[in-house]
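Undergrad: Letter by letter, the chains look like this.
Number of protein chains: 2
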Amino acid sequence: MEHIIVIGAGIAGLTAASALEKKGFSVTVLEKKDHPGGNVSSWDRLFPEGRQAGDVLSHAGSELEKTDVLTGVSVESVEKRDGRFVAELSSGDSVTGDAVLLASGFSLFDAHLKEEYGYGIYDNVFTNADLEAMFSAGKVSGKSGQAPKRVAFVHCVGSRDEKIGNRYCSKVCCATAVKQASEVKQLYPDAEVFCFYMDLRMYDLAFEDMYFNAQTLYGVRFVRGRLCEAAEGIDKRVVLKVEDTLAGQTMNLSVDMLVLMSGMTAPSDTARIAGMLGVKTNKEGFLQPEDVYLGRNISSAPGVFLAGTCTGPKTIPETVADARAACEAIVAYLGEKRVKTTAKAI
Amino acid sequence: MEHIIVIGAGIAGLTAASALEKKGFSVTVLEKKDHPGGNVSSWDRLFPEGRQAGDVLSHAGSELEKTDVLTGVSVESVEKRDGRFVAELSSGDSVTGDAVLLASGFSLFDAHLKEEYGYGIYDNVFTNADLEAMFSAGKVSGKSGQAPKRVAFVHCVGSRDEKIGNRYCSKVCCATAVKQASEVKQLYPDAEVFCFYMDLRMYDLAFEDMYFNAQTLYGVRFVRGRLCEAAEGIDKRVVLKVEDTLAGQTMNLSVDMLVLMSGMTAPSDTARIAGMLGVKTNKEGFLQPEDVYLGRNISSAPGVFLAGTCTGPKTIPETVADARAACEAIVAYLGEKRVKTTAKAI
Numbered sequence: 016m017e018h019i020i021v022i023g024a025g026i027a028g029l030t031a032a033s034a035l036e037k038k039g040f041s042v043t044v045l046e047k048k049d050h051p052g053g054n055v056s057s058w059d060r061l062f063p064e065g066r067q068a069g070d071v072l073s074h075a076g077s078e079l080e081k082t083d084v085l086t087g088v089s090v091e092s093v094e095k096r097d098g099r100f101v102a103e104l105s106s107g108d109s110v111t112g113d114a115v116l117l118a119s120g121f122s123l124f125d126a127h128l129k130e131e132y133g134y135g136i137y138d139n140v141f142t143n144a145d146l147e148a149m150f151s152a153g154k155v156s157g158k159s160g161q162a163p164k165r166v167a168f169v170h171c172v173g174s175r176d177e178k179i180g181n182r183y184c185s186k187v188c189c190a191t192a193v194k195q196a197s198e199v200k201q202l203y204p205d206a207e208v209f210c211f212y213m214d215l216r217m218y219d220l221a222f223e224d225m226y227f228n229a230q231t232l233y234g235v236r237f238v239r240g241r242l243c244e245a246a247e248g249i250d251k252r253v254v255l256k257v258e259d260t261l262a263g264q265t266m267n268l269s270v271d272m273l274v275l276m277s278g279m280t281a282p283s284d285t286a287r288i289a290g291m292l293g294v295k296t297n298k299e300g301f302l303q304p305e306d307v308y309l310g311r312n313i314s315s316a317p318g319v320f321l322a323g324t325c326t327g328p329k330t331i332p333e334t335v336a337d338a339r340a341a342c343e344a345i346v347a348y349l350g351e352k353r354v355k356t357t358a359k360a361i
Numbered sequence: 016m017e018h019i020i021v022i023g024a025g026i027a028g029l030t031a032a033s034a035l036e037k038k039g040f041s042v043t044v045l046e047k048k049d050h051p052g053g054n055v056s057s058w059d060r061l062f063p064e065g066r067q068a069g070d071v072l073s074h075a076g077s078e079l080e081k082t083d084v085l086t087g088v089s090v091e092s093v094e095k096r097d098g099r100f101v102a103e104l105s106s107g108d109s110v111t112g113d114a115v116l117l118a119s120g121f122s123l124f125d126a127h128l129k130e131e132y133g134y135g136i137y138d139n140v141f142t143n144a145d146l147e148a149m150f151s152a153g154k155v156s157g158k159s160g161q162a163p164k165r166v167a168f169v170h171c172v173g174s175r176d177e178k179i180g181n182r183y184c185s186k187v188c189c190a191t192a193v194k195q196a197s198e199v200k201q202l203y204p205d206a207e208v209f210c211f212y213m214d215l216r217m218y219d220l221a222f223e224d225m226y227f228n229a230q231t232l233y234g235v236r237f238v239r240g241r242l243c244e245a246a247e248g249i250d251k252r253v254v255l256k257v258e259d260t261l262a263g264q265t266m267n268l269s270v271d272m273l274v275l276m277s278g279m280t281a282p283s284d285t286a287r288i289a290g291m292l293g294v295k296t297n298k299e300g301f302l303q304p305e306d307v308y309l310g311r312n313i314s315s316a317p318g319v320f321l322a323g324t325c326t327g328p329k330t331i332p333e334t335v336a337d338a339r340a341a342c343e344a345i346v347a348y349l350g351e352k353r354v355k356t357t358a359k360a361i
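The listed protein sequences correspond, in order, to chains U and C.
Residue numbering for the first sequence follows this note's numbering, starting at 16 and increasing by one per position.
Residue numbering for the second sequence follows this note's numbering, starting at 16 and increasing by one per position.
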């Protein structure tokens, strides 16, 4: 059976590898980081149902029996030779495959770039990822270690932001903010929790229920408006000035924790690898499918397939379905290739 | 090779059938309506790129060579007998398969139910589907046949509406409204075109560009607010009272055409068929996947799979990926079944 090279051991890569292995293919998964799991591995619980990220991840990858998952290796070069793909790795090894699946995921937007929000400057400004680490550690608080009395979430950090160069929506931050805000209220029922949003993009079937519960069950306060300024007070609280676009007035408030909902961006390395394979990127830096309607998993380069957030922001269920669809496309491609090879031989 | 019964010949069913056929399976597609294509077949152009729906549909289904697509038949009963599924059809025929794929899609929300908007009562109230039919026919106008001078789109008709019993978002109406409003402005550059929305859910990679272009290139006016009242004037124009929630004031305006963005609902027939197969529905009436994170295409009934909008609102690219993922799940299931059967035989 043919061999497939999967680049990226996040939930997309692991799901696809598992599906391919079950169909009898041999698979090598290449992961730049020193552990598999991608971005999901740094999350605590996942919307919409609050399942543990580790649980979801272990199910996705648990069925790998024969697949090699090589961590801590990067792809130095990859090219097509005589109809097969040869990847040279940073470890000095090389892998040869009949198809390549790019499942290189996303990078969280670097919140330092929104300097005006004070991330890395003020003590009590955090990202959604920082908060997940606190949830995992079982201790949510600002730098003082005290239980927070007031927490603010700012949606669309690095997303829908022409100034930063990202016009697109990151698709998962609203639901993540609603989840995290609800979790903070569950931990600290007396805390005031605010979400500052532009449009609440709770588009999936279970999302409106999450939003409804956040308001009615947990008492999260949703304010349509954009954060204008963040400053640090003498007491190290973060002083916010927010334009409430519904009330038509400016809100000034101090919070113990400011949480920035960093969006999804295309990792720079993806474009480098894609470039060597002749796969195009779009203006947002994500990989461009051959056909946005019918072939989201098929790239413009024959034998190179795409899965997950490397083609743009996606939720986890969507990423899993996308990875399975990519597997289907790979199996179809290899099947056709086999028919052609047999025909030639005859 | 095994035989698969696909229920529904919309884009999900056709995509899955095509993928299954390519893998050597024989497939029967059952369609209640008298033609294949589902809801997509009544659409003119599709967001985000404006591709013709017919083109997308023909690509999805064009590769069917050996698959039987039976139209105008409904499933009278379906049950599992000796590990296989037997469906009795309204035509008097029966089909036996080794797996069933439910791809029964959605029904457009019946706009008559929002009586206060006057659909079916006033002359110049239309749905998104009616407007698509006008686009296809090449003539967009109210009942008078005159070029419209002012057109209003109302988002979230039958969606996010507790009164009507649908709390969920239909996921595609915002993008459809932006597309349709832009198209109307392209046809009638001098017309005033308004979109009345609650939250603009332009979450996909290309959606913000569509929204940006609608505003800057076409001059569509987006107003955050809900339609309070619609009445018919003596001149047959529709008189609207809208609460502009950003400006904090009430807007009164007469329009030549009022377009209602009807959302997606679960077809009643889906629950009936699912019930016979032991597949659960959720509170919204859509089919419930076994695992919302990892197994959106797998139902709680072994051998029964799910694809497309029967599990909830989806865009077309998402539906296509979902159908391919369902195909992958079916192939895996049948492969495992074969191994078990062989093991038993030995």
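If you're looking for bench data, these hints aren't it; they were derived computationally from the structure.
Predicted model, so just to flag it, every value in this text is computed and none were measured.
Each hint should be verified, as a subset may be incorrect.
Unchecked claim - Have a look at the derived ranges for each label pair, beta carbon to beta carbon: (1) U/Asp-224 / C/Lys-95: 50 to 56 Å; (2) U/Asn-297 / C/Ser-57: 26 to 32 Å; (3) U/Gln-67 / C/Gln-201: 19 to 25 Å; (4) U/Asp-70 / C/Glu-130: 55 to 61 Å; (5) U/Leu-85 / C/Glu-64: 34 to 40 Å; (6) C/Glu-64 / U/Ser-92: 51 to 57 Å; (7) U/Asp-49 / C/Glu-64: 36 to 42 Å.
Using N, Cα and C, we set each Cβ at its ideal position, and we do this for glycine too.
Undergrad: Next step is simple, just say for each hint if it's right about the structure.
TA: Comparing the hints with the structure gives:
1. For the hinted restraint 50 to 56 Å between U/Asp-224 and C/Lys-95, the CB-CB distance of approximately 33 Å leaves it violated.
2. Between U/Asn-297 and C/Ser-57 the C-beta distance comes to about 30 Å, which sits within the given range of 26 to 32 Å.
3. Against the hinted window of 19 to 25 Å, the Cβ-Cβ separation of U/Gln-67 and C/Gln-201 comes to about 49 Å, which falls outside the hint.
4. Checked against the hint of 55 to 61 Å, the pair U/Asp-70 and C/Glu-130 fails, with Cβ atoms roughly 47 Å apart.
5. A hinted range of 34 to 40 Å holds for the C-beta pair U/Leu-85 and C/Glu-64, which are about 38 Å apart.
6. One distance hint, 51 to 57 Å for the beta-carbon pair C/Glu-64 and U/Ser-92, is violated here, with the actual separation near 34 Å.
7. Between U/Asp-49 and C/Glu-64 the C-beta distance comes to about 40 Å, which sits within the given range of 36 to 42 Å.
When held up to the earlier numbered hints, the structure conflicts with 1, 3, 4, 6 and fits the remainder.
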